[in-house]
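**Student:** Residue strings, one per chain:
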Amino acid sequence: MNLEVVIFGVMFVVALGCSLAMLFAPNAVHVALFLVGAQMALALAFLLQGAFFVAAIQIIVYAGAIMVLFLFVIMLLGIDLRESLIEPLTGQRGVALGLGAVLAVGLVFVGVQGADLAAGGGDGAAALTELNQGPGNVKALARALFSRYLLPFEVTSILLVVAMVGVMVLARRISAVENDRRAGVPAAEEEAA
Amino acid sequence: MMELAQQVGATAAAVDWHAIAPELVLAATACIVLVADLFLPDDAKWLAMPLSAAGIIGTLAAIVSLIGAGNRLTLAGAFEVDGFALLFKGVFCVLGLLILAISFHYFRVGRYYQGEYYFLMLCSLLGGVVMSSARDLVTIFIAIELISIPGFIMAGLRKGDAKSNEAALKFFLFGVLSSAVMLYGMSLAYGATGELLLEGIRAKLTAADEPLIVLSVFFIVVGFAFKISAVPFHFWAPDTYEGSPSPVAAFLSTISKIGGFVGLIVLMFRAFPDVADTWRPIFALLAILTMTVGNMIALRQTHIIRLLAYSGIAQSGYVLVALALIEPGATASNEQAFQSAVIYLAIYGIMDAGAFAAAVAFARRGGSYFIEDYSGLWQRSPVLATLLAGFLISLAGTPPMAGFWAKVFVFLAAIEAQSYLLAIVMGLNAVVAAWYYLAVVKKMFFEKAELAEPVEVPAVLRVAMGLAAAALVAVFVYPRLVTELAERSLF
Chain A
1 MNLEVVIFGV MFVVALGCSL AMLFAPNAVH VALFLVGAQM ALALAFLLQG
51 AFFVAAIQII VYAGAIMVLF LFVIMLLGID LRESLIEPLT GQRGVALGLG
101 AVLAVGLVFV GVQGADLAAG GGDGAAALTE LNQGPGNVKA LARALFSRYL
151 LPFEVTSILL VVAMVGVMVL ARRISAVEND RRAGVPAAEE EAA
Chain B
1 MMELAQQVGA TAAAVDWHAI APELVLAATA CIVLVADLFL PDDAKWLAMP
51 LSAAGIIGTL AAIVSLIGAG NRLTLAGAFE VDGFALLFKG VFCVLGLLIL
101 AISFHYFRVG RYYQGEYYFL MLCSLLGGVV MSSARDLVTI FIAIELISIP
151 GFIMAGLRKG DAKSNEAALK FFLFGVLSSA VMLYGMSLAY GATGELLLEG
201 IRAKLTAADE PLIVLSVFFI VVGFAFKISA VPFHFWAPDT YEGSPSPVAA
251 FLSTISKIGG FVGLIVLMFR AFPDVADTWR PIFALLAILT MTVGNMIALR
301 QTHIIRLLAY SGIAQSGYVL VALALIEPGA TASNEQAFQS AVIYLAIYGI
351 MDAGAFAAAV AFARRGGSYF IEDYSGLWQR SPVLATLLAG FLISLAGTPP
401 MAGFWAKVFV FLAAIEAQSY LLAIVMGLNA VVAAWYYLAV VKKMFFEKAE
451 LAEPVEVPAV LRVAMGLAAA ALVAVFVYPR LVTELAERSL F
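Top line first, the protein sequences correspond to chains A and B.
Per the numbering used here: the first sequence = residues 1 to 193.
Per the numbering used here: the second sequence = residues 1 to 491.
One or more hints might be untrue.
[Unchecked claim] From the structure, some residues in chain B lie toward chain A, with a derived Cβ separation under 7 angstroms: (1) Leu73; (2) Leu75; (3) Ala76; (4) Phe79; (5) Glu116; (6) Cys123; (7) Val138; (8) Thr139; (9) Ile142; (10) Pro150; (11) Leu212; (12) Leu215.
[Said to hold, decoys possible] A few chain B positions that, by computed beta-carbon distances, are all more than 10 angstroms from chain A: (13) Ser187; (14) Pro273; (15) Pro281; (16) Leu289; (17) Phe411; (18) Ala423; (19) Lys442; (20) Leu451; (21) Leu467.
Simulated from the structure, these hints should not be mistaken for laboratory data.
No residue lacks a Cβ here, since even glycine has one placed at the ideal position from N, Cα and C.
Given the sequences, and given the hints that come with them, work out the whole structure.
**Tutor:** Below is the structure:
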């Protein structure tokens, strides 16, 4: 038994365990934590596939940023332990079951059939192999980002600074001192609009 | 994936640093302003304005250094410095200086977050400067976002004012929606051709892609229509202009709007000119609706900013006319339409910013934006009244101001392309527009003033308005000033 299989086994157990725990954990914050666990396990799966960049992004974006967003929402709405069991949309359960069944059938079908990257006339598999040879996909991405897409990439960083400054400006509370000072401003300026 | 695989093989493209020097100077200025604001004491926060002005002048210098150096293509063709790019970079920088002049006293006396405001404004300006050179879908999209997103925040800077909050929220929601629609359209174009570069898209478009391309162009145009506030996607504009701080309204109706137009023009002329038959009717319809509805609603306005907002919508319509004249293969008339759009945008920016400057100057002490209160302004402050009248006359498209040529060139282009319907609608709208602009002028000159005291205008604003008006008169007397630039900006 080689190392890869061992790692895959661990990943499999952790991902499945966390996902199940997520469904049955009563506390919303615990659910969020189990989600992080499941995402980490998935990142490991990507690593095993040699997709290093996707693995890193999985951790940074999903386990990091999106998780924080979830926690924000949980904090903002408050943790309500009593969950309402009344369906706001009638027949929601039936539709959910139906769609779930369709998804399951589809997944089984793809699993039995075997997904072929080269299907459909494209040479996706060849491109992927080519990409993973040589410098590898992380380097390829870096090269694209820092040469051809340099400008959009750097401009995006400015965009992020703009977003941060915007949050600071709009979320900052006007202090009492500042308020007093504004009171001294000529009414014409303040009520100009 | 294929594209990535190819790029691994290719050596990293060298960056032409001189070509992106204007962007670098402007970005550096924005960062310096933001950091300087940290260390400036409260009473000296206004220093951010001269600092920003110096940065914009530096950017202008970098732009001038690129003139005559021929076309430069860098970043694997995604970034081009040609006559068109240089012209609009220059226009954005000049407008940026005008907006700084309008903002200075407003933000200094009101003590709204000055450092942050100038930082955001410079970033948005940077978006426009990048947009002028953007020649691939990614860069165009990022540039339009960089123009819009600081705008959302600037619109809400009067935090204590419910109207300002409303302005920011409306602008944000419409802006995000339009970005999503535009991005969807762009992704369709990418999906159909597998190319991000506009030249590549143009080369790979085939008749087989037509349904997909029609959808793609439709979504892209709808996305841009929000940005340039074309009817029926204009709802946000008047409320946003009225609620946001007036200098920000001036910014949105000039730099932000022209930025949207630059992106639209580049896309339509560089990527989709060969399939113009599919999208020309969209523009014709948009142009007619935008001119007519904008002018009709402007007739009833009593608030000068709302008047400028609706009339600005109508002004967008005239540029859309130029875009509705494109025909595949008709090189001469296409070139004329293109030039008329470029000239219109350049002149519109200056005259609209001028009119906003005069409105802000008037509101400084009197505190009023209502047109009623402008009556008899000539007796109180003859200079301010004359300047405002000049800008309004220019917007109306009557001599002796540059706005006259702007309208005439678009009109001639419509005649040349034999789009008589558009020419007639445009002519009728120009008459309607003249009516409400001249009504304000009449109020200022021929009605009695209720107050006698003159309106005090700060020196910065006076100089800015004076220069803008002088430029408009100069262009009227000698239109070669702009036609020459427009000729050089042909793709």
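**Student:** With reference to the structure, classify each hint as holding or not holding.
**Tutor:** Verification of the hints:
no.	hint	result
1	Leu73	12 angstroms, violated
2	Leu75	6 angstroms, holds
3	Ala76	4 angstroms, holds
4	Phe79	6 angstroms, holds
5	Glu116	5 angstroms, holds
6	Cys123	5 angstroms, holds
7	Val138	5 angstroms, holds
8	Thr139	5 angstroms, holds
9	Ile142	4 angstroms, holds
10	Pro150	5 angstroms, holds
11	Leu212	17 angstroms, violated
12	Leu215	22 angstroms, violated
13	Ser187	15 angstroms, holds
14	Pro273	24 angstroms, holds
15	Pro281	32 angstroms, holds
16	Leu289	29 angstroms, holds
17	Phe411	36 angstroms, holds
18	Ala423	38 angstroms, holds
19	Lys442	25 angstroms, holds
20	Leu451	13 angstroms, holds
21	Leu467	24 angstroms, holds
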